[in-house]
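These protein sequences, in sequence, are chains A and B.
Take 1 as the starting number for the first sequence in our numbering and just add one per residue.
Take 1 as the starting number for the second sequence in our numbering and just add one per residue.
Derived by calculation from the structure, the hints in this document are not laboratory data.
These numbers were taken from a predicted model, which means no experiment stands behind them.
Think of the CB as a built atom: it goes at the ideal place given N, C-alpha and C, for glycine as much as any other residue.
Be a bit skeptical, because a hint or two may be false.
[Stated by the list, open to error] A few chain A residues that don't get close to chain B, going by computed Cβ distances all over 12 Å: (1) Ser-36; (2) Pro-39; (3) Asp-150; (4) Gly-227.
[To be verified] List of simulated lysine to any residue pairs, SDA-like, C-alpha gap at most 20 Å: (5) A:Lys-42 <-> B:Ala-153; (6) A:Lys-189 <-> B:Ala-153; (7) A:Lys-42 <-> B:Val-52; (8) A:Lys-189 <-> B:Gly-91.
[Said to hold, decoys possible] A few chain A residues that face chain B, going by a derived Cβ cut-off under 7 Å, partial list only: (9) Pro-3; (10) Tyr-8; (11) Pro-104; (12) Leu-105; (13) Asn-108; (14) Gly-191.
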Amino acid sequence: VYPASFEYFAPSTLEEAISLLNEHGDEAKVMAGGQSLIPVMKLRFAAPSVIVDLNRIPGLDHLVERDGELVIGALVRHAACERSPLLRGRYRLLGDAAALVSDPLVRNRGTVCGSLAHCDPQGDWGAVMLAARASVVAQGPAGSRSIAIDDLLEGPFATTLAADEIITEARVPDPGERASGTYLKLERKVGDYATAAVAVQVSLDNGHVGEVGIGLTGVGPTNLRAGEAESALRGAEPTDEAIRSAAASAAEAAQPQEDHRGTVAYKRNLVRVLCERGLRTAVAAARAGEE
Amino acid sequence: MTAVTDLVTSTTPRLHTVDMTVNGQRRSHEVEARLLLVHFIRQTLGLTGTHVGCDTTSCGACTVLLDGVSTYSCSTLTHAVRGRAITTIEGLEGPNGELHKVQQAMIDELGPQCGFCTPGQIMSAVALLNENPTPTRDEVRHALSGNLCRCGAYDHYLNAVMRAATGERVSQA
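Please work from the sequences and hints to get the whole structure.
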């Protein structure tokens, strides 16, 4: 199936890209990996008249630790995250999630920042960034600003980005040495949307939970934060009872809809189970780093 | 910076030049902005070994290598690969027409059933073995998990890729 016709631009600087977006407004779409954009254009769910391809802009593919943050550039592919030795240990949540994004072919082209900008409620990175308390850097004609992930995700396929802003980086704060996380997802087959998925990250402080993040995928109009579950665990001893109780609270935060992947009750229970398993794994891995 | 314009109102689509290397040969063609790489490969270049399966970024029948990386050609714009190197299933043969070791192993292990998804399976396997010549069976399973097979010949494909990697027979007599 052919997409509707459009003008294609492949600028070599970010400034050119932003000026094209500024000129064409809502008619233009930014393309990084294109693994969500091209399919929706083929299905004619989207028919932008201008495509601004970022792939010819140098200096956007950095995946580095810098000033107490992990920085993921706009052209960092899921596959690069899957393979990066940086995304182990305390950043394990990101490495575990990267390996579960869609399928290997999509991971080879698709990008983390593109996924966040696309804001599919079934996208994995939104939940991951919620759990990791990350932010994105958005660059527009007037300069750049930092947007906390909670303020970026607005609704299904809707972010708070202006039409002429581009996400140039995602920034994940260093959770400390005694921290870890994981991402657990149930999918009917590789590449399908998740029935549900849960991102968790935990840091430990003298045997108690320091910071904790829990993000949900596929059970709401956008990725959701299980805030009450986080509050219940923060500062508590991560006992079996505390973990079970937090997982039950996360299930309550889910807003699933019944479809061919399962009923509301099934998906809610799945969130509980994945959250409980995820928290156990994260706490055990964080303890291993605590020694 | 190049603009490629193709207005809905125009009677003839605006064409712009793309240059790239396909299977080691420089190619230069005038194509529309919206032309997908898989259609460029099949219709413009006549290389029909790359298949259109689902056409929705799911099945992997259209897999080609883009600078060595396995890629959905049905979800890639032709203009996005200007200056890059594409390898299709036709580009795997040796200088004297001999089969690539993955292709030979597919025959030896009776990998394909109907054969429709086979070119994509092979391209993903070649990309894997270029990066990791001695994969475990699980690593092969993970690497090929984006390539669907409606015949369900998955285990046979795994046998073939393991045979290509080890040079040893995998299936039982």
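Hints, one by one, checked against the model:
1. Ser-36: At roughly 9 Å from the nearest Cβ of chain B, Ser-36 (chain A) sits no farther out than 12 Å, so the non-interface label is violated.
2. Pro-39: 5 Å, violated
3. Asp-150: 29 Å, holds
4. Gly-227: At roughly 34 Å from the nearest Cβ of chain B, Gly-227 (chain A) sits farther out than 12 Å, so the non-interface label holds.
5. A:Lys-42 <-> B:Ala-153: 29 Å, violated
6. A:Lys-189 <-> B:Ala-153: Judged against 20 Å, a Cα distance of about 16 Å means the pair holds.
7. A:Lys-42 <-> B:Val-52: The hint holds at about 14 Å.
8. A:Lys-189 <-> B:Gly-91: 31 Å, violated
9. Pro-3: 5 Å, holds
10. Tyr-8: 4 Å, holds
11. Pro-104: 4 Å, holds
12. Leu-105: 4 Å, holds
13. Asn-108: Because about 5 Å separates Asn-108 (chain A) from the closest Cβ in chain B, which is inside the 7 Å limit, the hint holds.
14. Gly-191: It holds, given that the least Cβ distance between Gly-191 (chain A) and chain B is near 6 Å, below 7 Å.
Consistency note: the structure conflicts with the earlier hints numbered 1, 2, 5, 8.
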